[in-house]
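Let the hints inform the model, and build the full structure from the sequences given.
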Amino acid sequence: MNKENPKFLICDDSVLARKKLTDTLIDLGYSDIVCVANGQEAIDTYKKDRPDVVILDIVMPVKDGISATKEIIEYDKDALIIISSSVGTQSHLKEVIKAGAKDFIQKPLDPKLLDEIIKHCLGKIE
Amino acid sequence: MSDYEKEHSQFVSIYVERLTENIKQHANDQMKLLDINLYDSFELNEELAQEITGYPSAFSAISGDHDTLVHFAEDYARVGIDQYDDLCKEALLDFLNLINGLFAVYLSQNNIHEVSLNAPTRDEKGLVLDAEQIGKIYAIPIEFPYGIVTFVLAEPRELTKLTKK
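The listed protein sequences derive, respectively, from chains A and B. Counting in our numbering, the first sequence runs from 1 upward without gaps. Counting in our numbering, the second sequence runs from 1 upward without gaps.
The set of hints was computed from the structure by calculation and includes no laboratory data. Given the structure is predicted, the values throughout are model-derived calculations rather than measurements. Every clue listed holds true.
Dumping the calculated DSS-like pairs for lysine-lysine here, alpha-carbon to alpha-carbon at most 30 Å:
1) B:K125 with A:K63
2) B:K24 with A:K112
3) A:K63 with A:K3
4) A:K19 with B:K125
5) B:K89 with A:K63
6) B:K24 with A:K19
7) A:K124 with A:K3
8) A:K112 with B:K89
9) B:K89 with A:K19
Coverage of chain B stretches by chain A, computed from C-beta distances (three or more under 8 Å per stretch; other residues unrestricted):
10) 76 to 90
11) 112 to 120
Virtual Cβ for every residue (Gly too), placed ideally from N, Cα, C.
As structure tokens, this is what we get:
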């Protein structure tokens, strides 16, 4: 894993959400970013590109973020997956953890919190 | 009033309260909630919608004239939206997804209900909502300096029977 310039995979069905998250990551100093629009594309891209960090939405067409997380973790138990969603209900948070995601961030995104979560996932901070 | 009607009434009240708060916080605080109306039938010229799933469930949508929706989308997204195009519609659906998500979080955190969302849907054909088929239809008009955006909340009993225009 390249901790200094990790490769990101963003998965969100909203064009606007993908743009905002990409811009936020660039502002945080990251540059290697790939975007896809649904959970199935995330699984396929993960297997092809092996990104260091995956940021997934929950509510998406074709395949939702929790199903995609389960399949990616089944393929690679060490995958670093962060769920980013507006639907941070108690039941979804339980599902997210059970599926194997490392963390959850509530939309609208707080860039500072996202930065901390990414650094924590990459092992840069305790 | 039956228990279901009481729960649905509470659901709508909370929806309106969270909607107005989140519009102020994430789009434009120069807004005014106008009188909420119940309709037997409501026509959406274009479907920009999202289903809230679980119990109680609901159908939600956003409606308005194009110029007003462009202004509102830009208020929220702040990415230079100046015409009613794909980006504008995506921003409106993103906003609907955000407010519905925050509504679901509020219900969950206050142990009221656990609801979820389906992916937002978009169809240029439009949609006719009929209260006989889907239950109560609430139109929630919000006035901004540039026009009125109407949020629609309907109780979907049989969504499969919705009539496409």
